[in-house]
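Sequence lines, in order, name chains A and S. Residue 326 in our numbering is what sits at position 116 of the first sequence, and the numbering runs on without skipping anything. Residue 598 in our numbering is what sits at position 549 of the second sequence, and the numbering runs on without skipping anything.
Since the hints were made in silico from the structure, they are not lab data. Please read all numbers here as calculations on a predicted model, not as lab measurements. Don't take each hint at face value.
[Stated by the list, open to error] SDA-like cross-link-like pairs, simulated, lysine to any residue; straight-line CA separation at most 20 Å:
1) S:LYS419 / S:ALA342
2) S:LYS227 / A:SER344
3) S:LYS227 / S:ILE96
4) S:LYS613 / S:LEU487
5) S:LYS227 / A:ILE262
6) S:LYS227 / S:ALA92
[Unchecked claim] Label-pair restraints from in silico Cβ distances:
7) S:ASP97 / A:ALA258: 22 to 28 Å
8) A:PRO238 / S:ASP97: 46 to 52 Å
9) S:VAL203 / A:PRO238: 28 to 34 Å
10) S:PRO211 / A:ALA258: 34 to 40 Å
11) S:PRO200 / A:ASP245: 54 to 60 Å
12) S:THR241 / A:PRO238: 51 to 57 Å
13) A:PRO238 / S:ALA84: 52 to 58 Å
14) S:ASP189 / A:GLN250: 25 to 31 Å
15) A:PRO238 / S:PRO211: 46 to 52 Å
16) A:ALA258 / S:MET70: 56 to 62 Å
17) A:ALA258 / S:PRO168: 32 to 38 Å
18) S:LEU218 / A:PRO238: 41 to 47 Å
19) S:THR241 / A:ASP245: 55 to 61 Å
20) A:ALA258 / S:ALA80: 43 to 49 Å
Every residue, glycine too, gets a C-beta built ideally from N, C-alpha and C.
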Amino acid sequence: MKIAALFLLLALAGPALADDPLLTVEGPDGTRTYDQAALQALGPVSFATSTIWTEGQPTFTGVPLQAILTDAGIDAGTVSAVAINDYAVQIPVDEVTADYPIVAFQQDGQAMSVRDKGPLWVIYPYDSDPDLQSEVIYSRSIWQLVRIEAAR
Amino acid sequence: MIDAVGTDLHVPRIARAVRLMPAFFGCAILALGLAVWLLQVDARRQIDDMGTAATDNTQWFLAQSEVEVLALQRASLLLAAHGAGADRAQDLRRRFDIFYSRIQTLQQGRTYDRLRAEPGMTEALDSIQSALDSAVPLIDGDDAGLIAGLPRIVPAIDAAVPMVRQVSLEGVRLFAEKSALRREGVARALTTLSLLVVPLFMVLTGSVVVLAAMVRTAGDRNRRIAAVSNRLHSLFEASIDAILVARPDGRILGFNAAAQRIYGYDRAEVVGADVVDLLTPHDRRAKVREVLAGVQDGTTRVSETGPDILQSTARHKSGRIIPVELSMSVSRGEDGPLVVAFVRDVSRRAAEEAELIDARDRAVAGEQAKTRMIAVMSHEMRTPLNGILGLLDLLGLTELDDRQRQYLAAMEHSGRMLLGHVNDVLDTSRARSGQLVLAQYPVDLRALVDSAVLGMQEQAHAAGNRLVTMYSGDDHGPVLGDAARLEQIVVNLVGNAIKFTENGQITVTVDRAGPQGSVDLCVTDTGIGIPAGDLDRIFDAFVTLGSTFDRKVEGTGLGLSIVKGLVDAMGGQIAVSSEPGRGTAFRVTLPLQVAPVLADTAPQVAVASDSCPALSILMVEDNAINRLVAREMLRRQGCEVTEAEDGLAGVAAAGQRRFDLILMDISMPRLNGIEAARRIRAGGPNRDSPIVALTAHAMPEDLESFRQAGMDQSLVKPLSRAALTAVLQSMRPSGPLSEV
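Chain A on its own, in the form it takes in the complex:
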């Protein structure tokens, strides 16, 4: 009952419009912005994993972070991922693999609202490797992501 109400509310809150900029990346070549279509163009991938913040084992769909960094011309150093409430976390670029983390924009095929930690959420496949169940990885799993800055 409660969950049904929740989905109703989510539907009412409505996803952001397709052409709204979702992510800003400040790379060495200047600032680039990505809307839903731009992210889709980078080759989204999907995997299912449980998280410590959610119920069950949802399937997350998104673009590998590495693809975004490569696209933005960032290939070394450390990047800062910044959330909507200005929470920020440091991610070393050489610890970003081709497969994970992803910048997820869909959970179980649905776009994520801010109330549901959307619209972008950095997700690791936590279930696939106990090494990914560490505090460092959990702290890098930033939700409500809006900006990535290459560190100077």
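Since chain A is already given, all that's left is putting chain S on it; use the hints.
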């Protein structure tokens, strides 16, 4: 022997315990290692749990939730105070969404399962949730609606603040507790681990100690084995006998110094080569192969009591065949059996043995030649000598003047001495060769000794000696024995005493005081005596001690040797004691059984009378001289004598008429005496006439065959008048034909 040199490798009990230690320590280490491993896995897991925080930064999240609710409160108050504009409505919406997502996480995240289980927490969260849910339509509506709804939204947010605070505090307390529990678990695991390390360390230390002990034990054993090995090597090399060690396939493994000497090969030439091809003579190869094969199969057994010594041959490098003695043993090791052969070169001994055998053969041949020579002497010398003596006897009965009678006496003396020497030699030879045959007739010992001593009185007087006889002990009557041999013993001993005594006394003692059936005969003189050093050899043949003194001693030196031989043959003993200058005593002890009492012992006693019946006698004798002598003797007795020169003639004469007595020689040409006697007994006028055999030597078995041929008595040649008279007299009283 091996034990003596210290090959005793018996393992003491401690060493056996040490040997079992590795297994014990192995198990202990394994068990402890397993325990440590399990514990460290547990500790690692716990430490990993601390690293893989299943919780994010929980406290920070809870505090941040409080911050977010306050930020939401501030945004709502700002919107209420200043109205729409400057994106204040948008800010409120964003803050609402952020806070909403936090409450969602708290409601759903599994990290917070425990938190939600605490009393009051679900209610607090549900209460916040419902407050937020009730605000959602206003938040999602337009700005005007939102502002209009603020009076409802603000108090709901205000009410949520203390509840968020409450959740946050509860969460901090809970997670702090959980952290403490986890730290305790880690500490406990590490403590257990560290406690287990102590016994592990101890066990490892123990293992090291045991290993050290084992290393020491092994070292000791190695040293002992090396020492034993050295000693065995020394024995191997120092052995006088060749020692060969070979495998059953024949391959030589060991070849000692003595083997190099005996076989002539260097060790290097032999080791690895085949023992059969190299060292075995051709004719023995098959046999040696067979023995080796037997060792391989285990069918050849070496006896428990030690190897047998075999006589065999070996081949020298030069091809020479060496006679050897061989003993073999089999040593069974891990690499299969080994044959160890001890070989001794016995060529020198074999040569010596051959020499000895040759010497013995030559000695035997010499002895046989001597015996033959003596046998020849017996027949070829005694017969003519007897003829001479018989005729001399007869000659004495003819008319002679004094000078002739003197010459005759000298001739007779010389002849009798010569006959005595010949008889002595024959007797010695016979006694030596064990051919002496003793008669067993009743003998009156006292009469015999008296008679013998009487005959020697003259000889004793000639040297100025007194010769006396003494008797002690009871006279149990006649004994069974060989009268002639007994007399010979007395005569020889007395004769010997006379030779070495001058102007002294010679005493003959017959002592029958000893046990029944035993007679002591002692001959004691007061002569020059015998040096102690010569006592041992006086009984040897041809020994005349007198020759070392300035004194002429007659005789062949056979007298005492003959006595010794006779005494031995009779089963008696002879002992001599002497003191030079004082005299000598011979003591003979003879086992002589008392003779059973017989009704008639006449032949022994009736010697005195010369009167004989006139009988008709047939004398069968091939030797003409013997015939002559006997005929003359018989005629002097008044007998009528018919002569026959051999057995056939004798049988023919006996067929002509009856005779009172037939004297029959035994060995004759054409027909011998035994066969002739048998034919006469077979029928004819002399079927019952007494026949007396004449023989040079009467053996007991011969006497038996004479009796079977029908001959009643025998006379030993040469015939003496006394013996002949005794036979003739025996015819008169008892002879059934005496009246003829």
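Has the hinted range 43 to 49 Å been met by the Cβ atoms of ALA258 (chain A) and ALA80 (chain S)?
Check passed, 44 Å falls within 43 to 49 Å.
Holds or violated: 28 to 34 Å for the Cβ distance of VAL203 (chain S) and PRO238 (chain A)?
46 Å, violated
CB-CB spacing for ALA258 (chain A) and ASP97 (chain S) relative to the 22 to 28 Å hint
Because 24 Å falls inside the window, the suggested range holds.
Between ALA258 (chain A) and MET70 (chain S), is the Cβ distance one that fits in 56 to 62 Å?
At 58 Å between Cβs, range holds.
Mind checking the hinted window 51 to 57 Å against the Cβ distance between THR241 (chain S) and PRO238 (chain A)?
54 Å, holds
Can you tell me whether the CB distance of PRO238 (chain A) to ASP97 (chain S) sits inside 46 to 52 Å?
38 Å, violated
Cβ distance range 55 to 61 Å for THR241 (chain S) and ASP245 (chain A), holds or violated
The hint (55 to 61 Å, Cβ to Cβ) holds, given that THR241 (chain S) and ASP245 (chain A) are roughly 58 Å apart.
For the range 32 to 38 Å, tell me whether the beta carbons of ALA258 (chain A) and PRO168 (chain S) fit it or not.
Once the Cβ atoms are compared, 35 Å apart, the range 32 to 38 Å for PRO168 (chain S) and ALA258 (chain A) holds.
Outcome for the supplied range 54 to 60 Å, where the beta carbon pair is PRO200 (chain S) and ASP245 (chain A):
38 Å, violated
Holds or violated: are the alpha carbons of LYS227 (chain S) and ALA92 (chain S) at most 20 Å from each other?
OK: LYS227 (chain S) and ALA92 (chain S) at ~17 Å, within 20 Å.
So does PRO238 (chain A) sit 52 to 58 Å from ALA84 (chain S), Cβ to Cβ?
Given about 57 Å between the Cβ atoms, the range holds.
Cβ distance range 41 to 47 Å for LEU218 (chain S) and PRO238 (chain A), holds or violated
Holds, since LEU218 (chain S) and PRO238 (chain A) (Cβ atoms, about 45 Å apart) stay within the stated range.
When held up to the earlier numbered hints, the structure conflicts with 1, 8, 9 and 11 and fits the remainder.
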